[in-house]
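Using the hints, put the two chains back together into the complex; each one sits in its own frame.
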Amino acid sequence: MSSKLSQAMGLGAGGMIGGRVALKLDPQALRRLCAGRRVALVTGTNGKTTTTLMLARAVDELGLVASNHGGANMPDGLVTALSQDPDADFAVLEVDEGYFPAVAQVVEPEVVLLLNLSRDQLDRVGEVHTIERSLRKVLTDLPNCTVVANCDDVLVTSAAWDAKRVAWVATGTGWHHDSASCPRCGSPIRHDQGSWHCTSCDLGRPKPHWGVDRGDLVSSQGERIELGLRLPGKFNQANAVMATAGAAAFGAPVAESVRRVRSVTDVAGRYRTVSRTGHTARLLLSKNPAGWTETLTMLQGGDHAVVVAVNAKEADGRDLSWLWDVPFEQLRGRTVIAAGERATDLSVRLTYAEVRHTVVPDTLKAIDAAPQGAVEVIANYTAFRDLNAKAANAQ
Amino acid sequence: MRSDSTVQIALVLPDLLGTYGDFGNAVVLQKRLAWRGIPAEIVPINFGQAVPESCDIYVVGGGEDTAQTLAVKHLQDNPGLQHAVRRGATVLGVCAGIQLFGDHFTRADGVTRPGLGLIDSTSHAGPNRAIGEVLAKPLGGLFDGVLTGFENHQGRTTLGPAARPLAQVTVGTGNDGKVEGAVQGKIVCTYLHGPVLPRNPQLADLLIEWATGTKPAPLDLPILDQLRAERVKAAQRTTDASSRG
Ligand SMILES: [Zn+2]
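As given, the protein sequences belong to chains A and B, one line each in that order.
Note that the numbering used here numbers the first sequence so that position 265 is 265, with each residue one more than the last.
Here the numbering used here runs 1000 ahead of the position in the second sequence, where the first position is 1.
Isolated chain B, as found in the complex (with noise of 0.2 Å):
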């Protein structure tokens, strides 16, 4: 327990990890407690620097293989996130982040390398790119609403009986086509960005559900609506082209 209520949101490796925008995940979160009142603040954890195990929400981003292989690596060494992980606190993995979460997984070039086994999975290279819209249905009743965002990801990943699916995916490609994501206590991954809060408010909400152990109160952003509006159908006519020929 820290003794000043500043929620922390560490945004890690944002230098090796941030490929796609995922400051992004850490800015919509550090708003939504702000605009509620709760003082936050977004802690970067750069490439050489040690890991604190303090924070409340971890954001850890996407990136290429080097990149990832950088950052495992690093994660071994100042093992800040695994201590926090098993004092509880709330994570947030997007893209590469399912992969290096997970037991191993196996690079394009045929490579093993191992992750840091928070996510009970592993990934290896897909036979091809999957890029676009995705649309996927959130499982175990965890938030309402479809899940949405853009993936661009090679990697596919298979959960063991420790993690369950995020999300079921209805347009895109997600972890294998059928299912998006893992949830495994309190970490949550997606391959997912866009990024991923921004587009899913409800997600945002139910990480700082967890991170403050208080459902958050409503806020009304109609244009948050009219993005997920506008997403949604975009993906659909997406799967209606294809379905077309």
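Next up, chain A with everything else stripped away, as it sits in the complex (with noise of 0.2 Å):
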């Protein structure tokens, strides 16, 4: 089956039926398509797609860049993006965290970039706690690697810790309801004033190399860059942070990375506006807790309608129990309408943080149920996925 009909029978990434034939055919592919290039891998809960396209942005600067923008990161959607674009010096690849240590040891690349590392859908993905031991590992072990990593979250540092050479960014983003453990000892760790430290051994937080700062981008090198990125909210800031660094790894000039960053829009699909009957809806996708209460925060100040969509198919995590970690009483005073198949759990969840709202199952009527104009949707990932192609048809 060819990308285009895979495409076409509404598979989505049409490029994953490409790659799965490739590594058929050669187990070694991912190492033979990457030797020769250099190499940046983004990894992380939330955010990878959105720095990986910052970073091949970045990068452009210094030659051709393959990369696999869609969100692909499993090695097959790797393998289908680097054959794409054989004559790229550089490849800039999104990759899974469950995946990131095996390919990272086939790859080994020159950059990492750590983001940020919280609990997905539990019922579904592995232990926060077993994945950070599994990057640390690998980090520890890659031979001439500089590791661009997120020092205001607590797993990203003590996974980035050992490694030879680390690029500390201070993100101000951290989600800390999973790290109130020492992952090294099990002591608690104690937050204080934006710093954080273990009770008993040495993990801290490193003195970072690079940090936002009232929305510049600031380095220890005494750089002052005003970020003015297009995409919305702290958390983009951060990504952008990140992905300059990363790019400084490689040799990128800091100014000309921040320039290439700013025009990055529409990341598959998120942040795009949908305009219908009078409404401009803008798309944002959240697909765990922490990813949620960052798109909250994003929120707070403006007063447009709000309509939330949840699912809890397999994509998801059938377990909805997640939705009593997203701090929803934010939404209080404004117009939200609860969508999606899970609405009524939804619906619940909004009764009990005391926040009005109505319950419109179908995601484009919610749209179109709400005051005229603009409009924020909130969706997990089935919910994201089905409102984009509906959106795509109606139009």
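Simulated from the structure, these hints should not be mistaken for laboratory data.
C-beta: ideal position from N, C-alpha, C; glycine also.
Check before you lean on any hint, since a few could be wrong.
[As the list claims (entries may be wrong)] Below are the DSS-like pairs computed for lysine-lysine, each with C-alpha atoms no more than 30 Å apart in a straight line: (1) Lys137/A <-> Lys1233/B; (2) Lys1137/B <-> Lys313/A; (3) Lys1137/B <-> Lys390/A.
[Unchecked claim] Computed list of chain B residues with no C-beta within reach of chain A, every gap over 10 Å: (4) Pro1014; (5) Gly1024; (6) Val1028; (7) Lys1031; (8) His1083; (9) His1104; (10) Gly1126; (11) Ile1131; (12) Asn1152; (13) Gly1160; (14) Ala1162; (15) Thr1173; (16) Gly1213.
Here it is as structure tokens:
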């Protein structure tokens, strides 16, 4: 089946089919396709797709880049992306955190971006502490690699702590709910005033080389450059600084990287706006509690209507307990519409959060039911995917 | 007895045992009290902090093996919860809660760890992870209506004579495929999350009755009935599907 055919059949990531075939024909495909290229890998729980796109844009300054932009981040997706651009000197690849150790061992990257680690869908994915330990092992052993790591994230710091060369980035974002106990010794972690440390061993927040300060990128070299991103939110500022630090590890000039990162607007349909029935709906994807929390924080201060769409298909995780880890209380006072296949569960959550809302399970109809004008639509994985497809058909 | 009338709901080690949205159980208790005009507050007790013995209700959540071992040690070093139980406080233990309240539990790696000894039970790692929707019929006339929830656990639990099961399993696994949860004094344990109290307001009100000494007035929230109906249907669909093939 060709890529075009798989797309036509609605499989979405058209790249996957070609890749699966290539892996079958040659188990060494990934190693061979990376040989002779300068490779960066991007991994973590949230922000992989956006940061990969940002890093690829920045590295474009240095030469031709092969990249898996669509978010196909399993080994066959990587093989597809690499075989499509055989002449590219650079490869910037988003890698699923579960596959990262195997992929990193094979391709021996020059640069690794480790964004953040938090619980994902728990009935599907391994415990986040297990993932940290497997990342730690491979990052410690990588021979000639610069790890760009988020030092505001306890688990990321532990994973990168023993790596040969680390560029620490103070992103100002971190999900503390999975890091009460030290990943290395089990003692309590103390958080105070933006810093943190283990109460018994020497794990603690390292001195950052890069950071975000009031919308500016700052570096320990004394640089301060306004980010001026088109993408919204603090979380994307963090992604932008991670990408710029990664490009700098390849030798890209910082100011030029920021200029290129700034040009990123639409990331695989995320942040896209859809116009219909007098509404301009901005589509926001959130896949796990940390992602939802970032998105809600981003929406604070605004007063547009908000459509929240939640499914619980296999790809989302069947268990919706995480709804209670998300501070939906922040939506109080806004016009809120609960949507998605599990709109009832969401409605119960909103009821106990004392958020006044209505329920319209069909997400497109929920947008139509909002007051005219701008609407924010937050959806989890399959709800987002279905909405994107439906919105495209309706236009 | 405390002088003020605010019901204090201790959320025990949410940073270690908050794996399954267990915060939700505390929120449901607090709101169902507040909506009836009874002031209530949630008191989070984090890892590393002392455990007060003066709270009215204690909510303990689930966590993986490592977190559970750390939690037991912390609660042994800071025995406020055990003192509160002796005083007659109301306790809800979810998922790992049932294991850490027991006499001991044997982890997946074969290591046996002592529990807090609050529930006459032992737990061990089962042959597989029980994941999915659960339905169970409450036992002993504790409350009406089916118990609904989502389970995701490797542990299996055997109750001793001092503890009795909370419910009889009709869909899912629970303690052992037959019964689900445990009740001993004013402690209720269950493997169910989802979380369990948003899905089962009758259980929430039972805990409130135990803590306040008064049967709470009914609350009319049709959306809760709708959620329960949807989840019961979904759970029944899973059994229909598996019996077909
Ligand atoms: Zn430590």
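Each hint tested on the structure:
no. : hint                   : verdict
1   : Lys137/A <-> Lys1233/B : violated, 45 Å
2   : Lys1137/B <-> Lys313/A : holds, 27 Å
3   : Lys1137/B <-> Lys390/A : violated, 41 Å
4   : Pro1014                : violated, 8 Å
5   : Gly1024                : violated, 3 Å
6   : Val1028                : violated, 6 Å
7   : Lys1031                : violated, 5 Å
8   : His1083                : holds, 22 Å
9   : His1104                : holds, 20 Å
10  : Gly1126                : holds, 16 Å
11  : Ile1131                : violated, 5 Å
12  : Asn1152                : violated, 5 Å
13  : Gly1160                : holds, 29 Å
14  : Ala1162                : holds, 30 Å
15  : Thr1173                : holds, 14 Å
16  : Gly1213                : holds, 24 Å
Hint violations for this structure: numbers 1, 3, 4, 5, 6, 7, 11, 12, all remaining hints satisfied.
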